[in-house]
Structure formats: C-alpha cells, structure tokens
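A.B. asks: Sequence:
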Amino acid sequence: MSYQNALVLNKGPQPGSGSLGRAGGATTDEDPCPSLLENQLSVDDFRKIQNAFEPSDPGQTICMSREEFMQRMTEIVGWGTKEEYGELFDKVDVAQNGFINWDKLTSFMLLALYEKDEQAKATVVPQWKDLEFLPVKHKDTIQKVIFLKSSSRYLTISKEGLLGIWGENLKLQETLPITSDATKLKHLWVTSLVSLENVNKIAVAFTSKEICFYDLLSKGEFPCQYKLQGLKGTPVCMEYWYDPLDANESVLSFGDITGKVQAIAFTMALISLFERPASAHEDEEGTVTISWAELLSGYHKCCCTLEHNLHHGDWVRQVTYDASLDAFISSTTSNTNTVVLAWREKSKKHLKLTSFNVAEGIHAFDYHSQLNLIATAGINKKVCLWNPYVVSKPVGILWGHSASVIAVQFFAARKQLFSFSKDKVLRLWDIQHQLSIQRIACSFPKSQDFRCLFHFDEAHGRLFISFNNQLALLAMKSEASTRVKSHKKAVTCVLYSSVLKQVISSDAGSTVSFWMIDTGQKIKQFTGCHGNAEISTMALDANETRLLTGSTDGTIKVWDFSGYCYHTLNVGREGAVDISQILVLKKTILVTGWERALTVFRLQNFNQFFIQPEKWKGGIQHRDDILCAAFLPPQTLVTGSYDGEIILWNNNTGNAHCVLHPDYQRLLESKPGTEPQKLFSAGRSRSTCPSTNQAALGAHSLETLAKGNNAVVGLCFLEARKTTAETGGANLVSCGGSGYVRFWDTFKKQLLAEFLAHGGVGSIIMSTDKSNQYLATGDLDGQLKIWDIEEYCLNSSKSKITQAPALIRSFRPHEDQISSLEMCKMGGHLLIISSSADGSICVTDVCGVPLWIFGQAKHGQIENCFSLPKRDTNLMKNEIQEESKREIPLLSKEESCLDLPEHSLLDKKNKDEAACNVRPSEATNSGIKYKERNIFMEKTCNLYNGKVMQKSSTSPKTCCYEGAFRSLSIGALKELPEVKKPAFLLDSEKYFREKPEEERSQIPEPPSLSETLKAVFDEKNLFPKEILDRERRAKQLCQETSSEVKIKRNKKQL
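Residue 102 is where the sequence shown starts when you use this note's numbering, and the numbers rise one by one after that.
FYI, nobody ran anything at the bench for these hints, they're computed from the structure. C-beta: ideal position from N, C-alpha, C; glycine also. Among the hints, a few may not be true.
Simulated pairs of lysine-lysine, PhoX-like, Cα-Cα distance not exceeding 20 Å [said to hold, decoys possible]:
| hint | residue 1 | residue 2 |
| --- | --- | --- |
| 1 | K849 | K823 |
| 2 | K333 | K310 |
| 3 | K310 | K328 |
| 4 | K602 | K926 |
Listed next, with one range per pair, are the computed distances between beta-carbon atoms [claimed, not checked]:
| hint | residue 1 | residue 2 | range |
| --- | --- | --- | --- |
| 5 | T903 | N410 | 49 to 55 Å |
| 6 | D145 | E446 | 54 to 60 Å |
| 7 | L472 | P156 | 41 to 47 Å |
| 8 | E446 | D158 | 54 to 60 Å |
| 9 | K453 | Q533 | 27 to 33 Å |
| 10 | L271 | I902 | 35 to 41 Å |
| 11 | D158 | K453 | 55 to 61 Å |
| 12 | S448 | S425 | 15 to 21 Å |
| 13 | L574 | N753 | 43 to 49 Å |
| 14 | Q330 | N473 | 46 to 52 Å |
| 15 | K716 | T406 | 54 to 60 Å |
| 16 | F711 | D764 | 39 to 45 Å |
| 17 | S425 | N270 | 30 to 36 Å |
| 18 | A394 | N270 | 44 to 50 Å |
Work out the full structure, taking the sequences as your base and the hints as a guide.
C.D. replies: Here it is in structure tokens:
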C-alpha cells in the first residue's frame, strides 16, 4: 500500500468542518474510534506534516522529540490539542527512543490502516442472490464440482460416470460419458475427480480400484492416457497440488476405504507423469496401464509414493496436501485418529504422523494457511478450530448448529468460515471473534436422505451445494460500493450512433438507454423491451435510424428511436436461444450464437410484423456452434465457431471456401453438408488410431475443453488496409479463447501472428477504430488494454509472429467482466466506450485521459477534458464538411446495413398491422430532461449538442431534436441580389380584382345518387350475416308481439 493510498483511505473530517468522505465522493462506514486523532487527519493535514519533516538537505533526516512534535504539530496543522499529539507520538515511538521521523509516522499509519481494513473485511456480511437450481443432466449422485482456471470452465461428475462441462456463465455446454459400456455392465461407479491443471489432465477414481488420467487437450477423441491399477482399496477421495513456481513438482493424494492414505509425488510432471515400463502395454485406445506395485518398487524415476495407515480400517473421507505445512491432512468419521497429519521429513520419502481425536468423528475439514487453522465439521454439531501443531485440544469451538455439520470451507480473503449442517442450514462465521454473522436457511430439497457436496468458488463468489443429483447455486451479490452505475443490472451491449452522437446500451433487465456522448447524460430509456428476458446483443442499420435488439427469449425486435417496434424476428422458433451477434447486411440479416448454421432473415420478407427465418443456403460446414461473424465488401463473409475454426464464405452464393484454424487450414468442397477434406495440419500427430467406439463418440469428447482455448468470440476485418490483396499482410483479426488475439491473411489463407493479450482470464473481446490504428481488448476481470496495430502484420511472412504489438495503455475501468467495447472519434480524439457486468459504462481516451462513467450526477463537456491546440479555421470547415459526409452512409456501400431505399419495409408503417405491433412507448422514460442551458461553442470543437424532449407517449415518434447543430459560425451577412418581383405583385388588379357575376364559372351541381349507382344496393353483401340474422329475429319478435296485443284487444272488445 503506497503512502498516497494510505492518505486517501484515511481521509477524515476535521473539527469544525464538514465531514470529508473518501476520495471520489465515496462514503465510509462509521469509524469505530472516531475520537482518535489519527482517524481525523485529512490528506491536507498529512501534507502539512510531511512538509514539516522535509529537510533542506536531501541527505539529512529530520527527527522530532515529543515536546517538539507536540508544539510544531499544533502550529502547523492548526487544530488538535498538545495532549492528542503527545498520544500519537507515544503510539509511533514503540521503541521509546524519544524521537520519531517521517518514516516511523507513515509506517505506523500504514499498519493501522491495514488492521482497520482487515477488521472491516472480517465483519462484512455477503449478500446473496436467490437460490438457483442448475439444469443438470446427471441421473445419479454428483460426486465433485471443480473449476478449471485455464479454460474458465466448471466440471461436474456423477456416480454413473457422466461428466458435465459448464461455461463460466454456468450454462451447460456438453455432457460426456467417461465410462465405457463394459464398465457400466460391471456396475462400477465414479468416486472422485481432480484436475491436474499444470499438465491439462483430469484424474478420475473408480470403484474398480483404478485411477484413470484423461487428456484435456485431445482432438477428435477422448483418450484415457494412463490407467493406474492394482490399488489395495477403492479410492473414495482425491486431491491434487502443484507448485506454481515449478509446475514439475506436484502431488496427487488419495484415501481409500481401508483407511490408507497414499500419495504420488511427481518430479517431472510437465515432461511425463509416468515412465513407460517394459511391462506396460497399450490397448486399442492407446492407454498405458501402470500397476501400483511398479510405483512402490521405485521403477518410475519421475515419481515416488508415500502412504500411511493410521486410520486403521476407517474410510478416509477427505485428504489434502498443504505445501506450507508440507504435510498430508486426512480425516474419518471415527472418534480416534479423527484427523491425521502426516508430515514429510527432509528426505521427502518418510512421514511423521500426528493426530487429534474428535468425539463422534467429523465429516469434513478445511485448512487456512494464513491463519494456520484447521476447521472440522463435527458430527456432534460443533465446528472446531485447531492449530496443527497443538493436537491436545481445539483453539476455538463454534456453537450454533442444531444438527451434525457436514461441510466446512474457509472464505480465505475475508478470514471467514462457511459451515453447512444436515438440517440444511448454512452459517458464516467471523473467525477472529468466533461468532456467527450470517445464517441462511434456503428452500433446499426436503428429502431427509441425501448426499451433500459443498464447494465455494471464492474467485467468482459462487457457492455450490449438491443434493444427490441436484445442484444448487448461491451467488454473491456484488459489493455495495460507491461506484457510479449506469444500469441497475449488468450491461450486455453498447453501441455508438455517429449520426445522433449518442451511445445506446442494453442490460440484463431488458432495458435500453440512450446517452449523450459529449456530456454522459441519459436522454431516454426503454424498459421491458423483451419482457423480463435479457437483451444479449444489439445492432444498428446503415442510416442508424433503426435499432435491432436480440434477446434470450429467442426473438429479435426492430425499433425506431422513439420506442416503436416494427417487426419481431422469430429466431428461436418459439424457443429460447443464446443470440451472440446480429450482422445486418444489404439484403439479409444474419444471426449467430446457438447452432452450427447461420440463421437468415431476408429483407424482402419484411412485409409482416412477425418474420420467420430461412435456411442458410451454404448449409452446415461448422463442427460447433457459430459465435460470431464479419463481412468485407463486396462479398466476403467469415464466421467463427466455438472449436476455433473460421470459415470463409461467398455471401452471394453461400459457398464455403476454406477453414482457418490456429493448428491447421483446410479447403472445403462447394456442396454444403459434405465432409471437408483436410489438406494440411500443423497440429499434433498421433501414433495410435482411435477405436470405432471412440470415433462414434464424436462430439462426446473432452475436445470441448480444448476448443474453449481457441473459441472465436470476435471477428473484425481491417477495412482500412486497402492494399492487403496485392502486398499481403493481415486483414482479419480474431479473439477469444484463452486471451489470444490472432491476425489472419484471408487472401493467402494464413495465420500471420498470434499473441497472448490477457493471460489466465479466459475469453476476451475486442474492438478497433475505423482507421485500424488501435485495437482495444477487454477481459473477464474488467481489464482493458489498448494496442497500436498500425504497423503490425502489414506484410506476409512465412513464420508466425508471436511478439505482441506495442501496448499503449493497460488499465482497469470496471470491477467485473467487460461485456462490450466500442471506439469512436469525437473532437479529434479517439474515445473508447466500454460496458461491464458491474452495471457501468465508461468513456476514456485512447491515450489515457479518463472522462466519465455514464450515470454520474455531475455532467461535463468533452472539450473541457482535453487541451486542444488552435487550428486553422478553414481547415476546420473542410473537416466539418468531410465529417458530415461520413455521417450519412451511402446506400450503395456493401456494408453491414439494411437496404432501406430498395426495401423500405423497416421504415414503412403498415396501418393495418398497427393493432398488433408491440410498443414499449407506454413505458418509455425520458430519464433526466435537459434543462435550459447556454452552451458556448468553441471554434475548435465540432461536437453535436442538442436537446431531446419527449412528447406524448401515444405517438410513435415521441422525441424531437432542438438545436441539433454540428457547428456555428458568426460573420457578416452577404448582400442578397435584387429579386425581380412577380407579375401578380406588379399588376395586382389584373389578378385579384372582382369579376362580374356573369363571368364567374358556374359550379356544376353534383349528379343524383340514382344516376351514379352502378349496381343494386344489397344489404346482404354490406353487413355481416350475424347482424342481419339478429335484425330478422327482432322483426319477427316484434311482429309476434304486436299480433298478440291485437288479439287481446279484440277479446276485450267482445
């Protein structure tokens, strides 16, 4: 923590002055000791104190005695008593030397702030979202949930051997059976699963007393690389650890039903886990079988084994290895030797055993290395805290559960502890005070007999609790911070309209907002555009007068900027789909995201409100879901899929030409649906051929995890590079996967360069400016990087470039993942607009000037954020003319646009369909209305400043623009040439005098109705049959009634 940060955190009120919040207007919690002098010193006070300690000679250090410090501080700071400064001096002078200097004072303040922050973290109670049950496909008990950092994916495995692969957004991507049919016939179960992340493998334990190692980087097959057999007991729990500084050093530990704790310590894991012994043999699937006896004999020089049997026949419920202790920790449900610590001695081959006993045993434990505490989940309803070096009794006991505790896990960053009991009550404990600070009793399943799995993913704030084959999720809400939020919910997409000079944003709550780019002020807002469904992506047409929104409800809607919906495109065919991109071309709209083929809407069919999709004439060429697409005029279309393949298409014919992949390229046949022929490959060659069984698995392979590393999330053509076809060089950029950015030459069908833009954060997104000078990339942690690509990959090369382009700037404008990026030019400056899942939209300059976050209370002007040089007035006028020409796109341009003049169906309103059009204009909110304001327009600023005022919500067009000028110029008016007066002004008598009555033309009388009637009037053809029948029955009833009345009168007269 730097000195400046310390001052900012410690900024407090001064006596007699208003309360000073934290920097940036943030509010702080009440200080537990507000009366202490050090808690009231402000930043300005510390600057004064620092100046008092500054020597005239830089080589000297000024020290002050107690009396001198008291006297000078009261004079310099200007408030506070001598006694208070004396107390502060005594706290700083711990060694009682009788003097202090500036270093001692700042060290004391930093330590005090650190302790204060730690106490604040420990007492923060997390807020949780509603309990959610994930749509699993497991038929049997879920045995393990793990998170793969390398690919940002979750894995779940159940007892029957079904492996579930989940995206970071917790959407199920694929389920794979890892047990063969022969294994199922033997009724063998999966007992545990661990990830060997340093070598990209997983290990699965079976009731057949085997541990199988599967390769996550396999392509086209699902191989079991190693099979460890001959174990004396069935392994029921496993744990894996590797040294982050030396990934060759790793330990796989496991416990079995006989009470044995065994471990394999690998010393060359990156090279090979096991050596190939002479007795080893490969089966048809290429699996190397290794016996446990060979490991014990020491044949394998790259690993060694360790074991102990202190649990004496009791099932080992949990085992782990901790590097800070250099010991194995294991537990059972027995009341003797309940927890055993096996310490590795210097030779690393022998174990020294210690244990402690817990009455009635425990279900689980967890270890916190910083606190040096072991927490145990007791069957006796107690949560005990143990020092691993003191085995006689626990150092703390947490009381509060009314049933046996079945799971515990530390919240390491906050030094808190989770515990879960058999009565389905979740508690959160403050370790320092040993108090329960939160109790959660959710609507968990009511079944009494269940097996529970408890896993807390601290990095993402997600708590997984399984009940047999059900998986529940408790997600933490983001911390309530003073950061400005643009939307109440996560922002999913952001667009920039160069015509209106406005930013359009959407969120997960189906809300669309409009913002002024030059001030950051909200103009209007449409709510409930797709009901409660999330808006996942948006797009604009060429004229930027229509907005297309795609939602998870499986529809795309076409709007104008007043909130009127013209069309609904039924993308998902009445089903929910994940729409990742809407690409609007001249005559078609292409939609991607959830299947291997493109979904097409043709503008010639836009004559109704509900539009149905058509089939892509190119058929299915991708092997996985298409995630993105890009278009290069006049006819080149590229699509990227989840498996990392990029396919080049002819948009006019629908024919696919070539497949680009980081490891290979291949040509495609012209007929869709045929199996493509692989020409050449740069991937790994395999010595063994997959068996028929595994070839049949196809998509059911762990290739999905390797695909995620190469998944193409974004594609962008470098259209400014006009001469790429002749001179070579990159004209296509792709991103995604594990943070890689790749540059391609689509003419030579070659990968020219790839570099790691963001490491260890999973998938990334990108955006580039129109001149293709800069590339902006954003990741899941909210980090934004700006790269200079103007001179990058301008020429083709035989070897692939791995060096990254020049990094201009790297910063973190958001607290959560960046969901969308846009780049635009304003006032001669390139701006980057980024949106995030934290609900904020940030605008920043490419060179590092932060502007604002949309939604903040104080609005400014972009010209005030830059110091612009004076420019020639004539040059400015020329640029304004050029800019105005660029603002109105030419309709003949084969860009991603709607061909509105030829197909004016998006602009045209069908009055007959007005009744069925869905319009959210009733819910349209103008947000903060502009107040009357006078704006001084500088000559160097050619910005658009206008007012948008909302009119009646019943009108389809609810907004008008006042003062929409691009620039103002004041000068002398030119003299107008003399205008010749028209004849009716020179001789008004001739044109306007009264005419005599006889000269006036007689108005002809209209013909009579009988003369103009062409056909006999027939009311049967005019009125509906139901009205005529009703009138006929009424006449009959009237006649019958009148006749009855007449008969009665006649009888009375008689």
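A.B. asks: Give a verdict on every hint.
C.D. replies: Status of each hint after checking the structure:
A C-alpha spacing of about 15 Å is found between K849 and K823, which places the hinted pair at or below 20 Å, so the restraint holds. Between the alpha carbons of K333 and K310 the distance comes to roughly 7 Å, so the proposed pair stays at or under 20 Å and holds. Between K310 and K328 the CA atoms are separated by roughly 10 Å; this keeps the pair inside 20 Å, and the hint holds. For the suggested pair K602 and K926, the alpha carbons sit about 10 Å apart, so the restraint of at most 20 Å is met.
Range check, T903 to N410: about 51 Å between beta-carbon atoms, so the 49 to 55 Å window is met. D145 and E446 have their C-beta atoms about 58 Å apart, which keeps the hinted 54 to 60 Å range intact. Range check, L472 to P156: Cβ separation about 42 Å, and the 41 to 47 Å hint holds. Evaluation of the 54 to 60 Å hint for E446 and D158 yields a pass: the beta carbon distance comes to about 56 Å.
In this structure, K453 and Q533 meet the distance hint of 27 to 33 Å, their C-beta atoms being roughly 31 Å apart. Taking 35 to 41 Å as the suggested C-beta distance range, the pair L271 and I902 conforms, at roughly 36 Å. Between D158 and K453 the Cβ separation comes to about 58 Å, which falls inside the hinted range of 55 to 61 Å. The beta-carbon spacing between S448 and S425, approximately 19 Å, falls within the hinted interval of 15 to 21 Å.
The hinted window of 43 to 49 Å between L574 and N753 holds, with their beta carbons roughly 47 Å apart. Between Q330 and N473 the C-beta distance comes to about 38 Å, which lies outside the given range of 46 to 52 Å. A C-beta distance of roughly 59 Å is found between K716 and T406, which places it inside the suggested range of 54 to 60 Å. Range check, F711 to D764: about 43 Å between beta-carbon atoms, so the 39 to 45 Å window is met.
Distance hint for S425 and N270: a CB-CB separation of about 34 Å, consistent with the stated range 30 to 36 Å. Roughly 46 Å separates the CB atoms of A394 and N270, a value that falls within the hinted 44 to 50 Å.
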